[in-house]
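2 protein chains.
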Amino acid sequence: MALIVMKFGGTSVGSVERIQNVARKAIAAQKAGDQIIIVSSAMSGETNKLIALAEQITKLPDPREMDQIVATGENVACGLVAIAINSLGGKAKSYTGFQVPVYTDKAFMKARISDIRPENLLKDVKAGIIPVVTGFQGLDADGNITTLGRGGSDLSAVAVAAAVKADRCDIYTDVDGVYTTDPNMCPSARKLTKITHEEMLEAASLGAKVLQTRSVEFAMKWKVPLQVRSSFSDAPGTMIVEETKDMEGLVASNVAYDKNEAKVTVQKVPDKPGIAAKIFKAIGDANINIDMIVQNVSADSTTDLTFTVTKAELTRTKALIEPLAKELGAAGVATDSNIAKISVVGLGMRSYAGVAGRMFEALAREGINILMISTSEIKISVVISDKYTELAVRTLHDEFKLGG
Amino acid sequence: MALIVMKFGGTSVGSVERIQNVARKAIAAQKAGDQIIIVSSAMSGETNKLIALAEQITKLPDPREMDQIVATGENVACGLVAIAINSLGGKAKSYTGFQVPVYTDKAFMKARISDIRPENLLKDVKAGIIPVVTGFQGLDADGNITTLGRGGSDLSAVAVAAAVKADRCDIYTDVDGVYTTDPNMCPSARKLTKITHEEMLEAASLGAKVLQTRSVEFAMKWKVPLQVRSSFSDAPGTMIVEETKDMEGLVASNVAYDKNEAKVTVQKVPDKPGIAAKIFKAIGDANINIDMIVQNVSADSTTDLTFTVTKAELTRTKALIEPLAKELGAAGVATDSNIAKISVVGLGMRSYAGVAGRMFEALAREGINILMISTSEIKISVVISDKYTELAVRTLHDEFKLGG
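First to last, the sequence lines map onto chains A and B. For the record, in the first sequence the residue sitting at position 92 is 91 according to numbering that gives the first Met the number 0, with numbers rising by one throughout. For the record, in the second sequence the residue sitting at position 169 is 168 according to numbering that gives the first Met the number 0, with numbers rising by one throughout.
Hints may be right or wrong, so weigh each one.
Copies of one chain are not kept apart here, so a pair can be met inside one copy or by any two copies together.
[What the hints assert, rightly or not] Derived DSS-like pairs: lysine-lysine, alpha-carbon spacing no greater than 27 Å straight-line:
1. K58 / K90
2. K400 / K90
3. K258 / K30
4. K386 / K193
5. K164 / K310
6. K90 / K109
7. K24 / K58
8. K258 / K125
9. K267 / K222
Hints listed in this document are in silico derivations from the structure and should not be mistaken for laboratory results.
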């Protein structure tokens, strides 16, 4: 008998029919001999609806009150899931953040979980009751309701699993696992049976969008075995696991791409200390997020400074940088939004030499020009012209033998 | 400086504009020098929407989970009111039932308030903050969320007012006070500047629908001065007060009517002990509410037993009573749903003799036949044919000189 936390996202509880499907899954798992705890998000669309309502009053609503309001979406979804389980002959009881309780710090709208008391939940599972816990929300030390920020329900599920020492935390979503790359982009993409936390973290932050980054970090830290699987089938998904010996044979696990970035180049910047700092401080102060930064060694006394931002923030970035570039004596600012970032992720890179070379060579064979390069211990990212996205993904997927 | 509890119903917070109106009212009252606590219902329609969602899953949803779900309507409304006050330069903070806290018994969907801790609310008002408290909901001793049943927000407001020892509890609604009768029925109807708790109780239970009955009982018991007033104007409303000497001049305060009942007569029932008990036990067991009961002294060994139920329950009542009437040896069952109940309410009846006589005589002058009569210490109700409703209301309103 295993203790399993089942986490359902907004799409999985997006209608009465889907809520009944969740109830059937939980009851079946319980009948198969496991102890079950559910963590659920709000029904899809509900959180946005509540935010829109508040923003009709003011564009800057009080964060404490926003949390008071948006947390209700999870209360409703969990109540409905419990009703569905009870109506099908099971036994369930919904828990809000204060009822578990899930304690957090005081940072409204982006709170961090500080402690979860497992006693109530464990008493229920021992009595054959399925606790249905609201994701995304908690309680601070002053009794205020807090929320964890977007995607926070994944984190709630992993934290609950850690608190009750669950044997596994299953994240049910609308995809059936983690793939070697996007199947829509590359027909030979293959579902991975397992991937390490480290690889998943790089893939998540690179746009794979399957799991919230903080939840993977938390699972890694507290050694919670995670599984990503589909709420619309019974097929096993992808296990996110600690690194083990038998993984060493693989160089790469994943080819990711992101077409949502744009490139900004400040041309012929005087190559003096403090110049880059001035530029990036201005961007940081404007709350614009930068992804990649590249600065070449300069041949003369100037250098080109290139970085990427999201396409949505390109106009604002340009308006901010152009006067600054002039002031700093740069030649000008060039931008390009027709780019794509392609990344190869794999723990194997740490032990296999020449991965970067293989990657660049494969792209060169197809005549794909590399505009920027950035690397981490287990990842190599390149920026290319976006018209080559599909070709690059397929080429690298083949090169690293990720196909089925 | 007075401490005022302002209670707003669902219509008063039914849109973003109305919520902003509530915020302006509260800020104005605070600027005028009073300390303010708001109690709010859910936005109109929200509670029904949540119930409908649950009933799509099952017609008999678990009461604990229903309370978990429907209580969220008030959380959202109170959060929005607090946001509106803060956005207009005021200071506000919303409170759910568990945050006040408001303790209740364990009767889900019809809980009774057992205790309200005033400390958090009083600390806020002293600091110039307007607490915005969720009506309708509380917390039981096991940490479950409970709700008080329909119209429970009025009760929440009165209970909060009693707990903080407020100088007044203002119930804001879509009418501007308590009238001598329905102005739509009788053009000379007049807004009362005050009415006693006892009279209001009779009027409320007779269909005046301005205040929930339990909230008036609670205000009477805890001596909370209540005012019913409009959320769409600044005009003073009607004070619901304890009985005072200067009220003795008035025989009646109010003519009420109710067209929602139907009459059932069990004809020629054998006049023996235990027969009525059998009939009414059967009706009670079926959870059908009876209002008036009349049984005449019998001329022979049989009697006619007449009672009223709501029109909605007439068919079910008839189906229940007909076989029973046969079994008991009655001649048959007659029903009439074209009836209206007209009531005259007034504390003065206790000291003035002949009120019933004046009432019956006035109706007789207009040729209105009385089908049933029922009296309490401060109320006389008659059942008549419903086509005479308007005529009877106007006649009695004139007879007791209630006009403006």
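Taking the hints in turn, this is what the structure says about them:
no.	hint	verdict
1	K58 / K90	between (42 Å within a copy, 17 Å between copies)
2	K400 / K90	neither (47 Å within a copy, 62 Å between copies)
3	K258 / K30	neither (45 Å within a copy, 54 Å between copies)
4	K386 / K193	neither (31 Å within a copy, 78 Å between copies)
5	K164 / K310	neither (42 Å within a copy, 57 Å between copies)
6	K90 / K109	between (33 Å within a copy, 23 Å between copies)
7	K24 / K58	between (40 Å within a copy, 22 Å between copies)
8	K258 / K125	neither (48 Å within a copy, 54 Å between copies)
9	K267 / K222	neither (48 Å within a copy, 81 Å between copies)
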